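Here the protein sequences line up with chains A and B, keeping their order.
Each residue of the first sequence is one higher than the last, beginning at 1 in this note's numbering.
Each residue of the second sequence is one higher than the last, beginning at 1 in this note's numbering.
Read the hints as simulated data drawn from the structure, not as lab findings.
Keep in mind it's a predicted model, so treat the numbers as computed, not measured.
Cβ-to-Cβ under 10 Å is the rule here; a few derived chain B residues that face chain A:
1) GLY164
2) GLN165
3) ALA169
4) TYR182
5) ARG190
Here are some chain B residues the structure puts well away from chain A; computed CB gaps all over 10 Å:
6) PHE27
7) LEU36
8) ALA39
9) VAL40
10) ALA50
11) LEU79
12) SER104
13) TYR106
14) VAL110
15) GLN131
16) PRO133
17) ALA226
18) THR237
19) THR247
20) ARG260
Don't be surprised by glycine CBs; every beta carbon is placed ideally from N, CA and C.
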Amino acid sequence: MINDKPIIRIANACKYFGTLKALDNVSLEVSQGEKVVIIGPSGSGKSTLLRAINQLETIDSGELVVDGDNICDPDVNINAVRMELGMVFQSFNLFPHKSVLDNLTLAPRKLRKTPKAEAEAYAMKLLAKVGIEDKAGQYPAQLSGGQQQRVAIARALAMNPKIMLFDEPTSALDPEMIGEVLDVMVKLAKEGMTMVVVTHEMGFAKEVADRVVFMDHGQILEVGTPQHFFENPEHPRLQKFMDQIL
Amino acid sequence: MADQKKQVKIDVGDGAAIPSKSDKGLFSAWLISFFLAIAVLLGLLFYPNAETAGKYRDILVFLKDGIYVTFQVTFSSILLAIVIGFFTGLGRLSKIWIVNILASTYVEIVRGIPLLVQLFYLYYALGKFIQVPDKMAAIIAMSICYGAYMGEVFRAGIDSIDKGQTEAARSLGFNSAQTMMYVILPQAWRTILPPVGNEFIALLKDTSLVSILGVADLLRRGREYASTSFDYFETYTMVAVVYLIITLILSKLVSIMEERLGQHDQR
Numbered sequence: 001m002i003n004d005k006p007i008i009r010i011a012n013a014c015k016y017f018g019t020l021k022a023l024d025n026v027s028l029e030v031s032q033g034e035k036v037v038i039i040g041p042s043g044s045g046k047s048t049l050l051r052a053i054n055q056l057e058t059i060d061s062g063e064l065v066v067d068g069d070n071i072c073d074p075d076v077n078i079n080a081v082r083m084e085l086g087m088v089f090q091s092f093n094l095f096p097h098k099s100v101l102d103n104l105t106l107a108p109r110k111l112r113k114t115p116k117a118e119a120e121a122y123a124m125k126l127l128a129k130v131g132i133e134d135k136a137g138q139y140p141a142q143l144s145g146g147q148q149q150r151v152a153i154a155r156a157l158a159m160n161p162k163i164m165l166f167d168e169p170t171s172a173l174d175p176e177m178i179g180e181v182l183d184v185m186v187k188l189a190k191e192g193m194t195m196v197v198v199t200h201e202m203g204f205a206k207e208v209a210d211r212v213v214f215m216d217h218g219q220i221l222e223v224g225t226p227q228h229f230f231e232n233p234e235h236p237r238l239q240k241f242m243d244q245i246l
Numbered sequence: 001m002a003d004q005k006k007q008v009k010i011d012v013g014d015g016a017a018i019p020s021k022s023d024k025g026l027f028s029a030w031l032i033s034f035f036l037a038i039a040v041l042l043g044l045l046f047y048p049n050a051e052t053a054g055k056y057r058d059i060l061v062f063l064k065d066g067i068y069v070t071f072q073v074t075f076s077s078i079l080l081a082i083v084i085g086f087f088t089g090l091g092r093l094s095k096i097w098i099v100n101i102l103a104s105t106y107v108e109i110v111r112g113i114p115l116l117v118q119l120f121y122l123y124y125a126l127g128k129f130i131q132v133p134d135k136m137a138a139i140i141a142m143s144i145c146y147g148a149y150m151g152e153v154f155r156a157g158i159d160s161i162d163k164g165q166t167e168a169a170r171s172l173g174f175n176s177a178q179t180m181m182y183v184i185l186p187q188a189w190r191t192i193l194p195p196v197g198n199e200f201i202a203l204l205k206d207t208s209l210v211s212i213l214g215v216a217d218l219l220r221r222g223r224e225y226a227s228t229s230f231d232y233f234e235t236y237t238m239v240a241v242v243y244l245i246i247t248l249i250l251s252k253l254v255s256i257m258e259e260r261l262g263q264h265d266q267r
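Let's have the full structure, built from the sequences with the hints guiding it.
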């Protein structure tokens, strides 16, 4: 299922927040269909790296090519690139003034000019996929956290993106709701979606990740299969990290 | 902590007090004022002495055109002020240095000059260079002044929306204008509308200042009537009662609107 052609190519990316080096010469390639899980302690730069991919953060130097477009090039229409990049946030960020169904159809209707009926039919299909088609008419505030995050995943999918980015999608959830969100993500992974996931859920990494990336202090310290991470982590910092989270 | 000082919020708006149902005292005060004003109006118009009643009726008929002009100036000014305020608010939030400084300087200058002086300046001082009809000068001056206040309302309203909303919209592929239109403003207007309602009432009262420019508003018509009939007491009593009834009705409408908005939040 994995194609060798990289759909995301990050080369020597650097990013500073004042004097803090959030990304320190980071290079990473993600192939089409690949699932990459990024782990690391908080402040390690993993969210910054993920957010740089759709330019919610701009990098100060280096190269970032997504789906053939060099997104650091000011001539590239970043909005067109973002349509191909679905993003799921830690805090869901659903639109509170719109119903669940309208949350899903807003972007396809306004940006892809999809007719209303068609957008709604597809939205219902996606809601069925994430298991909450019965909540279509409700508002985000009426849903539980796990339900909101599943709507957020469906909202990102409604644009038919080529890549899905997940920024700690389960970190804001009650423990009993984490499973329902991870189930949806596993299902998506099995369908062949290209996914880059920042998470602390090692069970998820073990089940779906093709590669796991460990970051600390803005640097990628180790890259390997989940098995490698569990069985023989090499970097001492990674060994300590794995001991703490397992 | 025992030594922690209690934070007192002193909230004195320049509009009318909005009679919220939760504030029993103010709500009763609104009712009392309103019925008192209506009673005084009816009492004057149907005074037992036919001559006195007739005089008050004459005054009210004479004031009618003025009421129309007052509303005309108020509505035109508030609409223009909302447009100016929207762009000023965006400017105040802009990351582009020059836009931000322009918007902020405008707000700072306008807020530091009394409205009456602004009216004089626009009509008489600038009249040296450009002649503008009095009513238009009044509307422009009121809009510029209230646009600055409105700018602060828009700035606060837009700023109150969580940054995650912008990020979610941008990550779907919306540009910044679409994000503002489809995601931020539909949420911000609930925060923005009540203070806009307050400003509307404040503006309506402040339009009495334009009578100085010769605009035939409610107050000006009163002055005209009084200066020929010398019935100062009767005329200004009627002027005051008419203003009071208008602002009381408007403040009630604003409070109803606020309640409606509150209900939406609970769904």
